[in-house]
Structures are given as structure tokens and as C-alpha cells.
Amino acid sequence: MSSTAPPAPDPASSNNPSKSKSNSKSKSKKSKPLPLTMQIIVRRDLLDKEQWPLGALLAQAAHAATAVLQTTKHRPETAEYVAPENLPNMRKVVLQTPNLPSLLSLSSALSALSPSSNPNPITTSSPSDTTTSPTTVSSSSNPAPTPEISEQPVPHHLWIEHPENIPTALAIAPNRSSVVKELLRERGCVFF
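Converting from the sequence shown to our numbering requires adding 229 to each position, the first position being numbered 1.
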């Protein structure tokens, strides 16, 4: 009977560094890059204070995500993220920020990261937005991506809902950046 018991110790054996199975898992984790992740940040006050329907707020997140994918389609990370073989593995994190000032502050902070890390910033604005200033994002238009590209700050898109002209959500292009993750934490972005 004890010969049929090994399936139970498997979880414990994965924590034992002396097992070769565990060591091979550790090595594969070290060599594997972090997964590409898109962060989407929405304004919580639109739901709570302004009484927007949840569906309308979800649409804002979808608009921002679609816009950032379109404006960054030339980036290697975005191309990898939307590649047919990766579609089942897309990772998105939806976060919330309390209000408009916090969303605009986050956008400014992300834009401030971009110029120092990328000599080729681009500007985009929301579709049909001709009355507001554009949102600055960085692009990676280098012909050969550098190995550290996943650690560079990444572009984002601040979605402005029309005709109301209200910034509602922000999407950050697919990235592996610990800098972006830390900035979101510092700015008080929490899970929605």
C-alpha cells in the first residue's frame, strides 16, 4: 500500500530543493521571462459617485485596451501578446484609481518615465479627439529590440469618452516591466 502513496507527497517534494525535479523547475523559472501583462486602470468614482452602469465602465476599459493595442501594434511586446498562438494566454490586470485627478496623475507619471528611456516618443490622442491635448506615450521603433526592452517604461493610452470629453480609463501596453508595476503600486492602484 505504501507504494501507491507517492502522489500525496508531490506538493511537498516541490518545496524540497534537494529533489532534482524541484531544481529543474527552479531553473526553468529563472530562464523563462515574465509573462506579458496589460494593465487597465479605471476610475472607481464613475461607478460609485457618478452612478455609471457597470457595463458602461467595462466598455471604457475595453476602449482603452483596444486603443493601446492599436497604437502600439509595431512594438515587439504587443505583436507577441496578440500573436495567434498566445491568444489563449493573454494576461490583463484591471485596477482602479479613486477619481479623475488620480487617473490624470498616473498618466502624467507614466509619460514622465517614457522620454528618458526611449528616444522616440510618439503622441496619440483618443479617436476623434481634436479638442484635448494628446496623451504622450513612448514607442519602441528600434529595428532590433534590445534584451532589456521589457524593463523599459511602456506606452499607455488615456481613454477620453466622447462627446462628454471625460477621461475614464487608462491602458498600459503589454509589458514585463517591474518599473510599471511598482509605479502602479505607489500610485495606489488596487484591484477592481
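Take the hints with a grain of salt, since some may be wrong.
As a list, the in silico BS3-like pairs of lysine-lysine whose alpha-carbon atoms are at most 27 Å apart [to be verified]:
hint, residue 1, residue 2
1, K321, K278
2, K410, K321
3, K321, K302
4, K261, K410
Quick list of simulated restraints, FRET-style, between CB atoms [unchecked claim]:
hint, residue 1, residue 2, range
5, K261, V322, 24 to 30 Å
6, F420, L263, 17 to 23 Å
7, D277, H303, 23 to 29 Å
8, A338, E393, 32 to 38 Å
9, H391, A312, 14 to 20 Å
10, P305, R414, 23 to 29 Å
11, S407, N328, 24 to 30 Å
12, K261, H391, 37 to 43 Å
13, A341, N318, 30 to 36 Å
Hints are computed from structural coordinates only; laboratory data are not their basis. Using N, Cα and C, we set each Cβ at its ideal position, and we do this for glycine too.
Evaluation of the provided hints:
no. : hint                     : result
1   : K321 to K278             : 26 Å, holds
2   : K410 to K321             : 13 Å, holds
3   : K321 to K302             : 17 Å, holds
4   : K261 to K410             : 19 Å, holds
5   : K261 to V322: 24 to 30 Å : 19 Å, violated
6   : F420 to L263: 17 to 23 Å : 19 Å, holds
7   : D277 to H303: 23 to 29 Å : 38 Å, violated
8   : A338 to E393: 32 to 38 Å : 24 Å, violated
9   : H391 to A312: 14 to 20 Å : 32 Å, violated
10  : P305 to R414: 23 to 29 Å : 26 Å, holds
11  : S407 to N328: 24 to 30 Å : 27 Å, holds
12  : K261 to H391: 37 to 43 Å : 42 Å, holds
13  : A341 to N318: 30 to 36 Å : 31 Å, holds
Hint violations for this structure: numbers 5, 7, 8 and 9, all remaining hints satisfied.
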